[in-house]
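Undergrad: All chains should be built: construct the whole structure from the sequences, respecting the hints.
Number of protein chains: 2
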Amino acid sequence: MTTPAGRGRPRDGATDLAILRAGLELFIERGVEGTSIEQIAKKAGVGKPTIYRRWANKEELIAAAMETLIVDEAGWASQEAVDTESPYALVEAAIDRAAAAVTTVQYRALVARVFGSAVSHPQLMSTYWQRYILPRRKLAAALLARARELGTVADDVDVDVDVAIDMMVGAVTYRVLQPDPPDVDEMRRYLRAVYRQIGLLPP
Amino acid sequence: MTTPAGRGRPRDGATDLAILRAGLELFIERGVEGTSIEQIAKKAGVGKPTIYRRWANKEELIAAAMETLIVDEAGWASQEAVDTESPYALVEAAIDRAAAAVTTVQYRALVARVFGSAVSHPQLMSTYWQRYILPRRKLAAALLARARELGTVADDVDVDVDVAIDMMVGAVTYRVLQPDPPDVDEMRRYLRAVYRQIGLLPP
Numbered sequence: 001m002t003t004p005a006g007r008g009r010p011r012d013g014a015t016d017l018a019i020l021r022a023g024l025e026l027f028i029e030r031g032v033e034g035t036s037i038e039q040i041a042k043k044a045g046v047g048k049p050t051i052y053r054r055w056a057n058k059e060e061l062i063a064a065a066m067e068t069l070i071v072d073e074a075g076w077a078s079q080e081a082v083d084t085e086s087p088y089a090l091v092e093a094a095i096d097r098a099a100a101a102v103t104t105v106q107y108r109a110l111v112a113r114v115f116g117s118a119v120s121h122p123q124l125m126s127t128y129w130q131r132y133i134l135p136r137r138k139l140a141a142a143l144l145a146r147a148r149e150l151g152t153v154a155d156d157v158d159v160d161v162d163v164a165i166d167m168m169v170g171a172v173t174y175r176v177l178q179p180d181p182p183d184v185d186e187m188r189r190y191l192r193a194v195y196r197q198i199g200l201l202p203p
Numbered sequence: 001m002t003t004p005a006g007r008g009r010p011r012d013g014a015t016d017l018a019i020l021r022a023g024l025e026l027f028i029e030r031g032v033e034g035t036s037i038e039q040i041a042k043k044a045g046v047g048k049p050t051i052y053r054r055w056a057n058k059e060e061l062i063a064a065a066m067e068t069l070i071v072d073e074a075g076w077a078s079q080e081a082v083d084t085e086s087p088y089a090l091v092e093a094a095i096d097r098a099a100a101a102v103t104t105v106q107y108r109a110l111v112a113r114v115f116g117s118a119v120s121h122p123q124l125m126s127t128y129w130q131r132y133i134l135p136r137r138k139l140a141a142a143l144l145a146r147a148r149e150l151g152t153v154a155d156d157v158d159v160d161v162d163v164a165i166d167m168m169v170g171a172v173t174y175r176v177l178q179p180d181p182p183d184v185d186e187m188r189r190y191l192r193a194v195y196r197q198i199g200l201l202p203p
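From first to last, the protein sequence lines are chains A and B.
FYI, in UniProt numbering the residues of the first sequence are 1 to 203.
FYI, in UniProt numbering the residues of the second sequence are 1 to 203.
Everything labelled a hint here was simulated from the structure, so no lab data went into it.
Check the hints yourself; a few may be wrong.
Some residues of chain B that are not near chain A, with every Cβ distance over 12 Å (derived) [as the list claims (entries may be wrong)]:
1. K42
2. E67
3. T68
4. L69
5. S78
6. T84
7. L90
8. A93
9. A98
10. V111
Computed footprint of chain B on chain A; a stretch qualifies when at least three of its residues, placed anywhere within it, have a C-beta under 8 Å from a C-beta of chain B [claimed, not checked]:
11. 139-147
12. 169-183
The beta-carbon is built from N, C-alpha and C at its ideal position, and this holds for glycine as well.
TA: Dropping the structure here:
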């Protein structure tokens, strides 16, 4: 999918993986502009031609790395759970894990880099969006719909479900990039406040 | 303030300004990692020593550029207006201008770069925060407090005023960095939905 047409599928899985991992690590550490194919080749222990046989440029390589290495299971709930369990209980059960996940320096650094390249290299945001964000948004939308059925989220939120999701996700990603990033305990309280405000936790 | 101690204040205002403008433009276009003192010197039409006499490195120069060039008047309301006028009316009156401002490619690109450097170069986010964000947050907090007095914003929002502000600002900055950024009309509707959700516009 991310392999350019005409270049064929990569044939060596282990080499591929080493290159993609090196690419993602360098992207997170230095951004697109600070990363070169030469650095990726060196870090992965391969020659530049090995990389260019697979990807046309660093943007395609980094997009492919996100496509391959970023896990797409949303983690905090299955569609079945959303359909049958209480939204309050589901959200409450997910808070510890979410607070731990979004406060790691790896998460903060990846979000910073993806946001940072959104205007200059929209392909990277686009891949991250498809791969990581959309599956989570689908679940969040189902959860909001269910909460509305149950009457814990007001009707007017449902009208703008994408806005409500942006308000939750936007607040959290914005918060972890602020000058004084929260620790796990503070993030737990923060997430509770956000979910309460939207109506996904009791007032 | 951003001039390193011992280097003295810059003496040539026009040269300073040319250097700072070049630094900010290159930062927005290429990020911190893609910008060098050499490029800034070339763009500003000065020698590298002229820059190094004023700033120790590119991070300090870019921070100084934000300090100097980013206008700090929040624009959408004065403290007096917040104290005396209806929050609904103030928010409504600010929407056209805000929608136009946040949908420009310059705004989107600057936000992307500042967020993008938040983990690798926290000094830049810190300067942006002090210079641009904090004055706006102060006004927004006053507006929320006033709306709460008037009963249009629920009490529980007031408990977490910083969270409510993050939800508004976070949503908007997140939205303009998404793969399909909104035009001015869509942003107007989007802002209305966000303010309605918080209680700063009528349901």
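Undergrad: If a hint holds in the structure, say so; if it doesn't, say that too.
TA: Right, here's what the structure says about each hint:
The beta carbon of B:K42 sits about 17 Å from the closest Cβ of chain A, which is more than 12 Å, so the claim that it is off the interface holds. Non-interface call for B:E67 relative to chain A: holds, since the shortest CB-CB distance, roughly 15 Å, exceeds 12 Å. Distance check for B:T68 against chain A: the nearest CB is about 19 Å away, which clears 12 Å, and the non-interface claim stands. Non-interface status of B:L69 relative to chain A is upheld: no Cβ of that chain comes within 12 Å, the nearest being about 19 Å off.
Annotated as non-interface, B:S78 keeps its C-beta farther than 12 Å from every C-beta of chain A; the closest such distance is 25 Å. With a least beta-carbon separation of about 27 Å from chain A, B:T84 lies farther than 12 Å from that chain, consistent with its non-interface assignment. No beta-carbon of chain A comes within 12 Å of the beta-carbon of B:L90; the shortest separation is about 20 Å. The beta carbon of B:A93 sits about 21 Å from the closest Cβ of chain A, which is more than 12 Å, so the claim that it is off the interface holds.
Against the 12 Å criterion, B:A98 stays outside the reach of chain A, whose nearest CB is about 15 Å from its own CB. Taking the minimum C-beta to C-beta distance to chain A, about 8 Å, the non-interface status of B:V111 is violated against the 12 Å cut. By the rule of at least three residues with a Cβ nearer than 8 Å to a Cβ of chain B, the coverage given for the segment 139-147 of chain A is violated, with 0 such residues. Counting residues of the segment 169-183 of chain A whose CB lies closer than 8 Å to any CB of chain B gives 10, which reaches the minimum of 3, so the coverage claim holds.
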